[in-house]
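Novice: Each protein sequence line maps, in turn, to chains A and B. Numbered according to the working numbering, the first sequence spans residues 30 to 255. Numbered according to the working numbering, the second sequence spans residues 3 to 144.
Check each hint, because a few of them may be wrong.
[To be verified] Which residues of chain B face chain A? A partial, calculated answer using Cβ under 8 Å: (1) PHE16; (2) GLY60; (3) GLY84.
These are calculated hints, taken from the structure and not from any lab test. Every residue, glycine too, gets a C-beta built ideally from N, C-alpha and C.
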Amino acid sequence: MPNHDLSHDREGVTFFGTLSAAVTHDMKNFLAIINENAGLLGDLAARARNGHFPMDPQKAALISEKIRKQVNRADEMIKQFNRFSHSMDHAQETVDMEEMVHLVAGLAERIIRHHEVFLTVTPAPVPCRIQGHRFDLLHLIFRAFEITCEILDKTPEDTQKQVTVSFGSDPLVPEICFMCDTGTASGWDTLFDDPKDRALLDRVNMHMKKAATGSGFCLCKTCKTQ
Amino acid sequence: MSEKVLLVDDEKDFLDIMSERMQARGMTVKTADSADKALAMLENESFDAIVMDFKMPGMDGIQALKNIKNQKPELQIILLTGYATVEKTVEAMKIGATDLLEKPADLEALAARIKQAKAEKMLLVEKQTEEKIKDILQRFGG
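Next up, chain A with everything else stripped away, as it sits in the complex:
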């Protein structure tokens, strides 16, 4: 097998591992909250059994609701993770990029939150569809988030780190833009410069163009690289 294929595989596995670690960490948190709520129900039942306090039905209902909330969070995350895992099933297909951005944003929420970045995804004015390999496109979106977060890490601590993802208005020219709303961050001059990132862009046959304002970039099929 040629070397570039091996490195492609390695990058893909690293990406899969990073998202898996974030998801399983979230799952552990959901389980911890469910565990504590179940424990609290046990505490209340024990106190009621000892005749100290009668079981308050409203309190029990509240705890039950809290458990349901965590189960729903966990269920949503598992569904997203399952969709992500199946992204490797097909070689080439038409992929809805808005859906993919939401999927990566959901799965990488913990990672993005760790950078203290607030993310807004604006609805696409027209469908943003790209022909490509779903897994590679998800990987590209994730790299776009990672690169944006790494740049914003260098901003002063008290700066609000707000990133908006938007989509182009021409369905024939699909475009996804990652813009930093503060407009003060530096470091946007060397984007997707790493050979691995350039290889990823080549694989999905996409380009990166820097935003005119200087605080962001767009990924597109037909734009010229700047």
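Given the structure of chain A, go ahead and fit chain B onto it with the hints provided.
Specialist: Coordinates of chain B only, in the frame set by chain A:
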């Protein structure tokens, strides 16, 4: 006397439920949703132990641990984490963590660990006081 604990985690639901259950066991519990907030609270208040998530937004767990230990060397820090790797555990212990527990943790085991941590902290404080007295006696007693 009850144990005074600072609980630090970025999951608000977890903070609420844990503090409720710990208080029901006679502990005095204050909460913070970030390491930065915890450090700010430590400037004005004294605690027997900190129970802290290892991975939170902003300051990472290792840095938070170092900063807390710099600020209050006698303070006992119990780390709670989703996954405790051997490397992370060793690194945390080297910096001065009292223990590292995995989520979901058994509250009775955590409560026992907090009690033990308080006793360890008191021993450390006693030792520090003894050393201070020895130092004063040496300086003024010839």
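Novice: A separate judgement is required for each hint: does it hold in the structure or not?
Specialist: Hints and how they fare:
1. Nearest Cβ of chain A to the Cβ of PHE16 of chain B: about 5 Å, under the 8 Å cut. The hint holds.
2. Taking 8 Å as the C-beta cut-off, the interface hint given for GLY60 of chain B holds, the closest approach to chain A being about 6 Å.
3. The closest approach between the C-beta of GLY84 of chain B and any C-beta of chain A is roughly 4 Å, which is under the 8 Å cut-off, so the hint is satisfied.
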